[in-house]
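Take a look at the letters that make up each chain.
2 protein chains.
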Amino acid sequence: MGQGIITTVDVVLFTLKEGRLQVVLVRRERDPYKGQLALPGGYIHADGDIDSQSAARRVLGDKTGLVSPYLEQLFTFSGGARDPRGWSVSITYYALVSIDVLMSQDKARSTLLRVDDLPQLPFDHNRIIDFAVDRLRSKSTYSALPCHLLPEVFTLTELQQTYERVLGYKLDKSAFRRKINDLDFLEAVDEIRTGVHRPARLYRIKPARNLVLFDRTI
Amino acid sequence: MGQGIITTVDVVLFTLKEGRLQVVLVRRERDPYKGQLALPGGYIHADGDIDSQSAARRVLGDKTGLVSPYLEQLFTFSGGARDPRGWSVSITYYALVSIDVLMSQDKARSTLLRVDDLPQLPFDHNRIIDFAVDRLRSKSTYSALPCHLLPEVFTLTELQQTYERVLGYKLDKSAFRRKINDLDFLEAVDEIRTGVHRPARLYRIKPARNLVLFDRTI
DNA sequence: TCTATATAGTTGTAAATTGCAACTAATTAA
DNA sequence: TTAATTAGTTGCAATTTACAACTATATAGA
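Residue numbers (the working numbering), protein chains in the order written: chain B, 1 to 218; chain E, 1 to 218.
If you're looking for bench data, these hints aren't it; they were derived computationally from the structure. Just so you know, not all the hints are guaranteed correct.
Given that identical chains are not distinguished, each listed pair holds provided it fits within a single copy or across any two copies.
With a cut-off of at most 30 Å between alpha-carbon atoms, the simulated DSSO-like pairs for lysine-lysine come out as follows [unchecked claim]:
1) K17 to K139
2) K107 to K17
3) K139 to K173
4) K34 to K206
5) K34 to K173
6) K139 to K179
7) K170 to K139
8) K170 to K34
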């Protein structure tokens, strides 16, 4: 059984560094495109992987050392033209991680590049990244998704800046706080972020809470 | 090359009949589950299919006779447990068609069942349909998607009823019309739908228009 | 021809939400 | 003490949405 179709997973891992949305690329260890920067990806292992999500987690862990970032299926790219080895399917995922966690878990094999300034990449990886950026931006307009680009605890100002950096435009402070408050997916932690000015309340995502979606009305 | 992974496409084809959202099922022609009702689906042909979207179109045409319904990728289901033949990938699509077009193009091999009253189906097809219904409902709250469940031309009242039947709740007439008007994706046609009461203006989707999305603001 | 009725389509306004700007609060540095 | 800077709140105008009543146009039947 099987039709000689190459079946892979690829992961677009986002992080926010220096105020810019960046994507993690790794050097390919084998042909095709050996030595070039590309998305972390690999074959699905029919023995071993439970499903493609597990495969994506495994591949991401192997290539970047990340343990359990936010991970969600993006889209499946397929066809005879996208891989020189033959007709292929790539089940793609996107993942979010804070730069702190990335720095502490990644074993320095990966490269960070700004999503708005990418070189030409192998396969259809530019297209996949563009698709992931579009998804991230659009989903950020109606969900708590950008939270996962921050560390465990963060201030509301940091959260707003994260939204602004992902979306590429400024948000109103009071409206933003009202919205976050209404959605009720954050809880204050005891600590306070102290710095050179007025200290800020710290928050974290309420435990056992799925990704919160904002209401839409037609 | 290839890892012995079964690679298929499955399509959830929706239509609206008797005011109910229904899904098209076909009898399986071969094992496993030969003779049972299931989603129209089949192997990807690495020779012949351009990509999985083409494969989905081909399969849908072969099994239901439909030529070019609205078709969009849904999700990719995968794993070792979902198909008795082995580790498998199903790239799933959902499609929308008006009952008129379905009746005229389908060669009567297919069965229509209400999505809220399905029997147990083979593989993970119940899960796939549930997933498709969720997607259709949620996307209908912020897009022109339900248009594709109607014939070429329709009245605004018919369009509103279509939204209401998909979403499962009533909408306000004036607000609905304002929204549709603002989005500007319909154009009036010359004809008028005449009936037993006041005649209604007929509309169609403006040509060369992508699926219109409503604005969302965080 | 007149009237009742049913559906199409519009209008007015109250209620809710959002956008904007100014305000208060708390800290450090000088 | 004061200036500066960031945190966080408040008030209100502007906009959007929800709701209900209104007008318009057809058929059917008396």
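Results for each hint:
1. For the identical chains of this complex, K17 and K139 are intra-copy neighbours only, at 20 Å inside a copy versus 32 Å across copies, given an alpha-carbon limit of 30 Å.
2. Within a single copy, K107 and K17 get their C-alpha atoms as close as 17 Å, which meets the 30 Å cut-off; across copies the closest is 57 Å, which misses it.
3. Taking the shortest alpha-carbon separations for K139 and K173, both the intra-copy value of 20 Å and the inter-copy value of 29 Å come in at or below 30 Å.
4. Proximity of K34 and K206 under a CA criterion of 30 Å is satisfied in neither setting, with 43 Å inside one chain copy and 48 Å between copies.
5. For the identical chains of this complex, K34 and K173 are neighbours neither inside a copy (47 Å) nor across copies (60 Å), given an alpha-carbon limit of 30 Å.
6. In this homomeric assembly, K139 and K179 come within 30 Å of each other (Cα to Cα) both inside a single copy, at 15 Å, and across copies, at 22 Å.
7. Proximity of K170 to K139 under the C-alpha cut-off of 30 Å is found in both arrangements, the shortest distances being 17 Å within a copy and 26 Å between copies.
8. Taking identical chains as interchangeable, the C-alpha atoms of K170 and K34 are never at most 30 Å apart, the minima being 41 Å within one chain and 57 Å between chains.
Checked against the numbered hints given earlier, the structure breaks hints 4, 5, 8 and satisfies all the rest.
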